[in-house]
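Two chains, two frames, a set of hints: combine them into the complex.
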Amino acid sequence: MNGDHADEGVMAALSAPADAETLRRLHGRLEREAEQHGLLDVAYTVVDSPVGPLLLAATTRGLVRVAYASEGHERVLETLAQKLSPRLLRAPNRLDAALRELDEYFAKRRRVFDLPLDLSLSRGFRQLVQTRLPAIGYGQTRSYREVAELVGNPKAVRAVGTACATNPLPVVVPCHRVLPADGSVGRYVGGAQAKATLLNLEAA
Amino acid sequence: MKPPFEKLVAEHGDTVLRVCHVLLGTHDADDAWSETFLSALRAYPQLPETANVEAWLVTIARRRAIDALRAMKRRPLPAEHLPEAPTELGVPDATDDDLWRSVRNLPDKQRQAVAYHYVAGLPYAEIAQLVGGSADAARRAAADGITNLKKTYSRRRGAAS
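So the protein lines, in turn, are chains A and B.
Take the first sequence: its letters are residues 1 to 204, numbered as in the numbering used here.
Take the second sequence: its letters are residues 1 to 161, numbered as in the numbering used here.
Note that these hints are calculated values from the structure, not bench results.
The beta carbon of each residue, even a glycine, is placed where N, CA and C say it ideally should be.
Some hints here could point you the wrong way.
[Stated by the list, open to error] One-sided and incomplete, this derived list gives chain A residues near chain B with beta-carbon spacing under 10 Å:
(1) 9
(2) 26
(3) 29
(4) 44
(5) 86
(6) 137
(7) 139
(8) 142
Only chain B is shown next, with the shape it has when bound in the complex (with noise of 0.2 Å):
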């Protein structure tokens, strides 16, 4: 029996904004979040039942974040610039703004597989299929990954004490 729609919002909508901030390496993840979610809701009735919703919204993030990361691509300029000043009032904790800026300068294949395993808790067998190469391959980025980022954490901490 499928689920209402609600319920796929209420279970999976804060991991879905997770994995939309780690792959977009920012904070704002507004419209990724929206449109994944519009997305999932346009084609929810064909979804088969044994599907798992999870890592299917997953995949739907990961089309939408890969979307809006060309659009930035695109316009450059405003990307590098308009997360200073304003954006800082909305977010928690601003000095993790540091940490989504390491996320946004890693490697591509590195992101996303920090996002789907260390987020979303997908297998790495999983997350090779969504991103090609071997389970291996995706380990291995995953692993580097959250090396790279523990890297510039230290290195934050250092300078803040």
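Only chain A is shown next, with the shape it has when bound in the complex (with noise of 0.2 Å):
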């Protein structure tokens, strides 16, 4: 008897799991550790918003991804592993100024972001739509024929709206300003709610 409480006994303790606590510790110091090693290629966080949970993610360069949940947050860190690096830790630090902004958005106490941008997501045309997207100002809005016209490609309409689909850094760079012609919001990489809501505080 005495043998099968030793067993249990001796078993549980080298099975006992960690306490979560020191897990969160010690996950900390890796972040730390990892970024002043030079080796966080990729840093993200989940953060609760007025349109759900964005996940946001930045190199060393700047904010690199804005992603819905729409969108798969799993599937969005995989794709970023293989595309940019597998070095990817959830590290909030790096995102701090990111969060500040959004939050002031949010609370429409900022019109403007002012972050550095890694747009090293996209490429050639659809890049360029994406870093003239940001002249289209706070509250207003422009067809995508506008943008099209914008951009200097007056017969793009069609690569703009992919361009706008597969904008990798959705709200800080606006392609919620953009609109079909015909008077409706249109497709969003969040979905049409998430596009209204952002449209209304906008205009509010």
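Structure (structure tokens):
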């Protein structure tokens, strides 16, 4: 009988999971040391917002990705690991400035984002469109055709639509300010509801 | 496709910490855990996609633990005296200290075999590759290690009741 107890006791002690607080502390230390050693290629965090949980990711160059829950955060992280680097950790510190500016934006205390952006997830014409979108000011909207004209390629209306749909930095790069000419809200990476929420926020 | 490193920490962080506990025979394995994951993060882009990630992490943990044990032996006094009163506060079940002490006193081969088989769940053939010798020897070392630990545990229980 004693032997059975000993059996359970030894096995239980060896297989007892580490407590969550210890693992949290160790994770925090890993975040700091990875940053210090230049090994934190991509840092991310998830934050609640009026348009649902947003995933924010940054390289050392700047904010590289904002993702809606509807995009599947797990899948987004896998794509970032593939396209940028698998050295990817949940490390909110690097996102401090982005978190602050988004907070201010949603509290209507900020109209322009003033953050270093890393546009390396898009290329060519799409990247060009995304670079120009911030020219559409807070509370204003443009049609896809107008944006095509803005980037100097008036026939590329459909390509502008694709550039908006594949914007890796929604909210911060304001593709929500681009609307179909028919007066509807149109499609949006975070869903039409999220687009309407942002437009209402800026219009109020 | 290589998963984000965060996923490795989430899935294997706990096992690696318990392996470090057993390898070092102490509840304070923070340094070994941190060095293991930092080394792993550095090497991760070069890891083949087909690799067994947990076995890889355990291999790194083993090297870090060996370094740590060497460092402890170079300054034997603090290792013997420090784990008394102050550290017990952070230990969930302070009575397990006895068990950790017996783990610490196991012969090296037994302690490693217990860590790799009973904590990390590695098959004996892989343990043999890791520590040298045959799979049978690894099996015996793990069994002897557990037998030794049980003896200590019974003694302790006997003393407590």
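Quick rundown of the hints versus the structure:
no.: 1; hint: 9; in the structure: holds, 5 Å
no.: 2; hint: 26; in the structure: holds, 5 Å
no.: 3; hint: 29; in the structure: holds, 5 Å
no.: 4; hint: 44; in the structure: holds, 8 Å
no.: 5; hint: 86; in the structure: holds, 5 Å
no.: 6; hint: 137; in the structure: violated, 36 Å
no.: 7; hint: 139; in the structure: violated, 37 Å
no.: 8; hint: 142; in the structure: violated, 36 Å
Violated hints, listed in ascending order, are 6, 7, 8; each of the other numbered hints is respected by the structure.
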